[in-house]
Structure formats: structure tokens, C-alpha cells
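J.: Here is what each chain is made of, one letter per residue.
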Amino acid sequence: MAFNGTVKILNTEQHDHENFSLSVAIPETVKPGQFFNFLATDSGMPLLRRPISVSGIEDNVITFTIKVVGKGTQYLANLKSGDEVALTGPLGNGFDLTTTKKRTLLIGGGIGVAPIKGLGEALRSMDIIVDSVIGFRENPILEAAFLKFSTQLTVVSEKNDTYKKGYVTQYLEQILDENEYDEIYACGPKVMLRAVTDMLNSRGKRAQLLMEEKMACGIGACLVCTCKLKDGEFGSKMVRMCKEGPMFYSDEVIFDE
Amino acid sequence: MNNLDLKVDLNGLILDNPVTVASGTFGFGREFEPYLDLNEIGAISVKGLTLEPRQGNEGVRIVETPMGMINSVGLQNPGVHHFIEHEIPYLRQFNTKIIANINGNTTQEYVRMAEILNSEDVDSIELNISCPNVKNGGLAFGTNPKVVEEVVKAVRNATDKHLIVKLTPNVTDIKEIAKIVEANGANCISLINTVTGMAIDIYQRKPILKRKSGGLSGPAVKPIAIKLVHDVYQAVSIPILGMGGIMTGEDAVEFMLAGADAIAIGTGNFVNPTAVIDVKKGIEKYLEYMEIKSVSKLKGYLNTVE
Ligand SMILES: Cc1cc2nc3c(=O)[nH]c(=O)nc-3n(C[C@H](O)[C@H](O)[C@H](O)COP(=O)(O)OP(=O)(O)OC[C@H]3O[C@@H](n4cnc5c(N)ncnc54)[C@H](O)[C@@H]3O)c2cc1C
Ligand SMILES: Cc1cc2nc3c(=O)[nH]c(=O)nc-3n(C[C@H](O)[C@H](O)[C@H](O)COP(=O)(O)O)c2cc1C
Ligand code: FES
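Residue numbers (my numbering), protein chains in the order written: chain A, 1 to 257; chain B, 1 to 306.
Just so you know, the hints here were simulated from the structure itself, not pulled from any lab data.
A portion of the hints provided could be inaccurate.
[Stated by the list, open to error] Dumping the calculated DSBU-like pairs for lysine-lysine here, alpha-carbon to alpha-carbon at most 35 Å:
#1 Lys237(A) x Lys227(B)
#2 Lys80(A) x Lys281(B)
#3 Lys135(B) x Lys71(A)
#4 Lys230(A) x Lys175(B)
#5 Lys206(B) x Lys67(A)
#6 Lys214(A) x Lys227(B)
#7 Lys212(B) x Lys190(A)
#8 Lys228(A) x Lys179(B)
#9 Lys212(B) x Lys230(A)
#10 Lys214(A) x Lys210(B)
#11 Lys210(B) x Lys8(A)
#12 Lys293(B) x Lys135(B)
#13 Lys210(B) x Lys205(A)
#14 Lys228(A) x Lys281(B)
#15 Lys285(B) x Lys237(A)
#16 Lys228(A) x Lys206(B)
#17 Lys80(A) x Lys206(B)
#18 Lys135(B) x Lys190(A)
#19 Lys293(B) x Lys243(A)
#20 Lys243(A) x Lys175(B)
#21 Lys281(B) x Lys159(A)
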């Protein structure tokens, strides 16, 4: 079942000038990698709901970590604890946590580290060894949380010299050589997911990718959020990012352009 | 509350209440079952059907615009046979009317679909004439009066089912089209389909949608829809199923005052998965407030005192 209604905000936390977290209590079972669809307005504008992944799950308290990029996310950033917000969820398939038994590698880029953080916490509580490689344009977010659950943590930045320089994919090869992972999970910009996929393909490996696409309904009714998969009756198959996804295996996705 | 009469008669298609859902915005109902009681819906117009399954358009399929959205889904659907086998039995569990929305590239395709559905358990066929006509250089069937006459007549001859013809707003004279639809045996007219729209990414200097343009829906189109419903109301005497940007009970009442007998919610379902229930409650509240007992009284019930 999914919750659809209004809840009070329990907590908010500002991470830096553009990233923040908020927490709410939801009476449903939520999995890492699932998302909620937020009504991000009290004036009707913007019209469509905003999909946001869960970044933390503690009993019934669900945390979201959000980057302000426009009107909707700015509205959410302005909410304070005690304010009400309307949301629907949990939505989507989420990550499959049953495929890892011993040691996992998590890959996150930009705000894509948000759902990866929730996943890492859940895997750690299952006694899985978790290594993480996370990349940012400038300063990292949620670094403290990653330090807590990661056995090995690699933080990469394009601009901040206190961290390893460049992109996560530059360090991936070495990390994969050093350790044996029974599952790999990734979330981040499409270019990163694509580079990760190419690298894993060349090593005969695959990852669970948490993908995103513009959405309208978020519940599988409108068909605007497609992901193209290999095989199927047309030689390829259009599936719904919001319903069959947002998690897809890297070896089943067709990256266009 | 209890003695309000919400029944409407769309010329043989009798709805328990005037709130229906628009084709392409409600799938086949399954996705909404967790959120609302499908028995509460007057009728469900299912995702636009074609003879064969269609994969739909490539690339980005949506642009959000001020109080609206432009879609370029491209009629992705599992085909009419899948609908008959898997979706009709599902929908029949509920006390709601089933409207099969049919789409074709040619008149023959529309006719074939009407023939197939004629012996199936659907309550109505909705002929979507906003599809591009392959024979006519891809111009929508619904924009050319001669083509409208041809396709409506042919489909009418192919089925005894209740027939709704769904009009496109992208025409010069909607009254002329509506009259032709009525004269050729349609039982009901639904409108509006989406308004043609386009958006450009100014930094890439490229249209956002691969096919350049798509269909605009949502509150942004409501005033256009109200005007066109009113035009059609003045032109024909068959019932009207009005839609375009309905989000609230007030919006629904506005459509009925303009001349609609019943209404459909489209994009509103995306923003609020329980929109059907909320709109229905809003209509009831209005009826009580205005001390009107029967919703059918609202059709064209404009105050004409100067
Ligand atoms: C399944 C899913 C999970 C998501 N999880 C998170 C999350 O945990 N935290 C988070 O901060 N964001 C997340 N997002 C992205 C978030 O939904 C968008 O950033 C948000 O909808 C933007 O709304 P806005 O009104 O602030 O910006 P808009 O005014 O709509 O857009 C501002 C700018 O952001 C771009 N943009 C808008 N939507 C997206 C999108 N979906 N993907 C990429 N770029 C976009 C626009 O093109 C534009 O340039 C997720 C998206 C999806 C589909
Ligand atoms: C994503 C989407 C898909 C649609 N698909 C169909 C369709 O298959 N057949 C059809 O007749 N109309 C289709 N429509 C048009 C709607 O049924 C409706 O006429 C239009 O959106 C106006 O109503 P609204 O503003 O309430 O959405 C679609 C609209 C949207 C937004
Ligand atoms: S957003 Fe509507 S089907 Fe995915």
C-alpha cells in the first residue's frame, strides 16, 4: 500500500547553501531506493508533484535529502518543522537488498548520494561490509553518514582539493581490483551511470542503478517517464521509471544518445 | 446530502455520477486502486487503444509549463486484444462504466476497432479523432470537416454501441465539426483533447520534445475548454462530456454551466490521485449550497438576467 495524505514535518536540517534534509513519519514499510511524490506548492504552482527518494529510514521516520534546483524544491526548502506537507508513497521498486551477502560497493554522484546513504545504512544494519565511492562537483554532502557505515570511503571532488580529484569512475577500476563485491549499487547523474555501466560491462559485471526521469503522476498511469530496456516485443521495451523502476540493472538498460 | 440526484444520462449511457476520468490519464484503473474506490467513478475512459500494441515515442515525453504540461507519449498501449482479454475483466469488477477510447491511422483502422469492440463488454466507444491521418499528410482527422464526416459515419455503421466522438480544440470552427458529428449518429460529444503546444530549451536552442510539439493539458487550457464546450452546447443537442484542466468541484460546475452534462478529470489525477473523490464532493457541496437537487439541472444553467 502507499500512503497518500498530509503529514507534519518532524525535523529539517540545512547541509549547505543548496542542500537540506527533512523528516516525516509515514505509517508504511519503506525500502531504500523508493521515492515519494511531494506536492511542492500551496498556490497550485508548480502544478506537478516532485519525486524525492528516501535518504534514511528509521522505524516510521523517513528522511529526504534534497537539492534546491527550482521552484518546487525551493518550496520544500522553506518548510519548517511543524509545517504540513502533502505526499504520496512509497513509490517505485527500490533497491534489491537480498542480492548481497558479504561485501557491497556503493557509488554515488551529487544529490544521487541521498538514496545511496539510506541504502548504506540499511545494508550495514544487515552486517554487510559496505565500501563507498562518492563524487561531487564541489563540497560533499552527507559525508559524516557515509563515514559511519563505510569500511572504505573514497570521496571525490572536481573542484575541492581536500578530496581526491576528478570523477568517481576514475577511482572505480582500482577499487574493483582491490576487493570482491557481490553487489554494486549506483545513483547519480545519467552521464555517471552510463560511465559506470560501460566500465562494469567491460568487466562482465553489473550494478543496480537508481535512475530518474521527468515524471507527472509517479504512480504508473501517465507513461511520460519511460526507461528503454533491452529485448521485448519491439526489439526494445519501454517501461515506466516510476513503477517498474527507478531501479534497473545496468546490463538491461539502453542509454540513448 | 442523501437526496441529491447525481445520475446523468448521456443519451443512453447512464452514469451514477457525472465525474469520469479522461483517456490516457488513468491507465486501465489499476494504478489508482490503492488510492480510491473505483466504484465512485462515473465512467473510466481507458488509455487510448490501437489495433496493434504501440511502444510510444522516444526521448523526453513531458515538459511542465505554467499550470500545465505538454505530453508526447505517442499512444503507448498494449493493443485492443490485450485490453479485451485482460483489462475488461478487471474493470468489470467495479461499478463504473467502461469507455473504450479508440485510435487509428486510417478510417479502416477505426472501423476495424469498432467492429472488434462491438461484441465486447464495453459500455461506450470513444472515437478519438485527434490522431494524425496518414492519408492526409498526418493532419488530425478531427480538423477536416469532410474527414470527420467520413470517419464518424463509417464507425457508426460498424457498431451499435453507445458512441462518443472526442473533439480536438485545434480547429477554426468547432460548431461546424460538432454538427457533423451529431448528424452522423454520435450519441455524445467529449471535449477537449489536448491543445497543440511547444517548448524550447533556450540554452541548447532546441525544442525539448523530439517531435517538436505535443499536447498541452491541465489548468492552463481550462478557459479554452470552457469556451469550446459552450460553443458546442449552442450548436448541438446531444450530451456533452466536458474536460480540460479540471482540478476541483468548482471547475466541474463551471463546465456544466457552460453546457456539459458530465465531466472528465485528466491531468488533475496526476496532481491529486484522489481528485475524482474531491471533485465529486465539491459538486455535492455546490448543489447543497445552491439548493439544487439534481446535478443534471446544471447543464447550461447560466443566469441570463442582464
Ligand atoms: C525518482 C526520482 C527521485 C528523485 N530523488 C531526489 C532526491 O532524493 N533529492 C533531490 O534533490 N532530487 C531528487 N530528484 C529530482 C527532483 O525531483 C527534481 O530536482 C525536482 O523535481 C525539481 O523541481 P523544481 O521545481 O525545484 O525544479 P524545476 O523548476 O522543475 O527545474 C529546475 C531545473 O532542474 C531540472 N530538473 C527538474 N527535474 C529534474 C529531474 N527529475 N532530473 C534532473 N533534472 C531535473 C530542470 O530541467 C531545470 O533545469 C528525484 C527525481 C526522481 C525522478
Ligand atoms: C499523458 C496524457 C495522455 C493522453 N492520452 C490520451 C489518449 O490516449 N486518448 C485521448 O483521447 N486523449 C488522451 N489525452 C487527453 C486527455 O484525455 C484530455 O482530453 C486532456 O488531457 C484535457 O484534459 P485535462 O486538462 O484534464 O488533462 C491524454 C492526455 C495526457 C495528459
Ligand atoms: S510518472 Fe506517470 S507513469 Fe511514471
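J.: Regarding the pair Lys243(A) and Lys175(B), is the alpha-carbon distance no greater than 35 Å?
T.: violated (41 Å)
J.: Checking one constraint from the list: CA of Lys206(B) to CA of Lys67(A), max 35 Å. Satisfied?
T.: holds (26 Å)
J.: Taking only the CA atoms, is the gap from Lys293(B) to Lys135(B) under or equal to 35 Å?
T.: It is violated: about 49 Å lies between the C-alpha atoms, which goes past 35 Å.
J.: For the pair we were handed, Lys135(B) and Lys190(A), check the Cα-Cα distance against 35 Å.
T.: With a Cα-Cα distance of about 40 Å, the restraint between Lys135(B) and Lys190(A) is violated, given a limit of 35 Å.
J.: Take the C-alpha atoms of Lys212(B) and Lys190(A), compute the straight-line distance between them, and say whether it is at most 35 Å.
T.: holds (23 Å)
J.: Check whether the Cα positions of Lys210(B) and Lys205(A) lie no farther apart than 35 Å.
T.: holds (33 Å)
J.: Taken at face value, is the distance from the CA of Lys175(B) to the CA of Lys230(A) at most 35 Å?
T.: This hinted pair is violated, its Cα atoms lying about 47 Å apart.
J.: If you draw a straight line from the CA of Lys212(B) to the CA of Lys230(A), is it 35 Å or shorter?
T.: holds (26 Å)
J.: Mind checking the alpha carbons of Lys80(A) and Lys281(B) for me, to see if they're no more than 35 Å apart?
T.: holds (31 Å)
J.: Take the C-alpha atoms of Lys228(A) and Lys179(B), compute the straight-line distance between them, and say whether it is at most 35 Å.
T.: Roughly 43 Å between the alpha carbons, so the hint for Lys228(A) and Lys179(B) is violated.
J.: Given the hinted pair Lys285(B) and Lys237(A), is their Cα-Cα distance within 35 Å?
T.: Violated, at about 46 Å.
J.: Holds or violated: Lys228(A) and Lys281(B), Cα atoms, limit 35 Å.
T.: Violated: Lys228(A) and Lys281(B) sit about 40 Å apart, past 35 Å.
Comparing the model with each numbered hint stated earlier shows that hints 1, 3, 4, 8, 11, 12, 14, 15, 17, 18, 19, 20 and 21 do not hold.
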